[in-house]
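Engineer: Sequence:
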Amino acid sequence: MSKRVPLSARPLDQVYFLFFLMHIPATLLLDLQAIYPTSMVPKFIASLPASYVKMSGDPLIGGAMGYFGTEETYVWFKTFLFLEAIFQLPTFVLGARALYKDNRRIYPLLLVYAASTTTTTLPCLSVVLTTRLASVATAGAITSAQRLLLLSSYIPFFILPLVMTIDMAMRVSASVTDGSEAKKEN
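At position 163 of the sequence shown the residue is numbered 146 (the numbering used here), and the sequence of numbers has no breaks.
Possibly wrong hints are sitting among the right ones.
[Unchecked claim] FRET-style restraints, in silico, Cβ to Cβ:
hint : residue 1 : residue 2 : range
1    : A124      : L77       : 36 to 42 Å
2    : A157      : S22       : 45 to 51 Å
3    : L(-10)    : A128      : 36 to 42 Å
4    : A(-8)     : A117      : 45 to 51 Å
5    : E54       : T126      : 37 to 43 Å
6    : R115      : A(-8)     : 47 to 53 Å
7    : I149      : L1        : 46 to 52 Å
8    : P106      : L1        : 22 to 28 Å
If you're looking for bench data, these hints aren't it; they were derived computationally from the structure. Note that CB positions come from ideal geometry on N, CA and C, so glycine has one too.
I would like the entire structure built from these sequences, with the hints used as guidance.
Structural biologist: This is how it looks when you write it as structure tokens:
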């Protein structure tokens, strides 16, 4: 059994740890409101998606919340939100805890999380990149400033899980190799 290495000595794990901690309130307060029963959401929290969409023109959150007409167009995105609720949110909590404690048994789960998240964020980026540009934001169109804002929001949520996918695949592979070599020695 290897000795626990403090989180402060593991810079990439620090980034993942902070990413998970930051993602918890964003998921609970903004992303998942499209799937919450409206009666369960306090008014001050219910106003967050509308304010965010007004500022950003986000076609995904706006579409899932029904701000841009029919929600059926974004049923695929709502499916991703359910995945965020039942798989990603628990992974944020478990991942942050395990990374803090340097528990390497979390690596396979983080690999699955990261690959899944990278895969589901790519179509979201595609929507942002293909949403019509206009000089004034309207339903179905965003300004170039809003596109830049959205890309600066979505790209890190694509790149970090992509890096995590590669990193965790390498860590899991190394663990399997170490386990195989240890078994051969016995």
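Engineer: Each hint should be assessed against the structure and marked as holding or not.
Structural biologist: Now the hints, each set against the structure:
{"no.": "1", "hint": "A124 x L77: 36 to 42 Å", "in the structure": "holds (40 Å)"}
{"no.": "2", "hint": "A157 x S22: 45 to 51 Å", "in the structure": "holds (49 Å)"}
{"no.": "3", "hint": "L(-10) x A128: 36 to 42 Å", "in the structure": "holds (37 Å)"}
{"no.": "4", "hint": "A(-8) x A117: 45 to 51 Å", "in the structure": "holds (49 Å)"}
{"no.": "5", "hint": "E54 x T126: 37 to 43 Å", "in the structure": "violated (24 Å)"}
{"no.": "6", "hint": "R115 x A(-8): 47 to 53 Å", "in the structure": "holds (48 Å)"}
{"no.": "7", "hint": "I149 x L1: 46 to 52 Å", "in the structure": "violated (19 Å)"}
{"no.": "8", "hint": "P106 x L1: 22 to 28 Å", "in the structure": "holds (26 Å)"}
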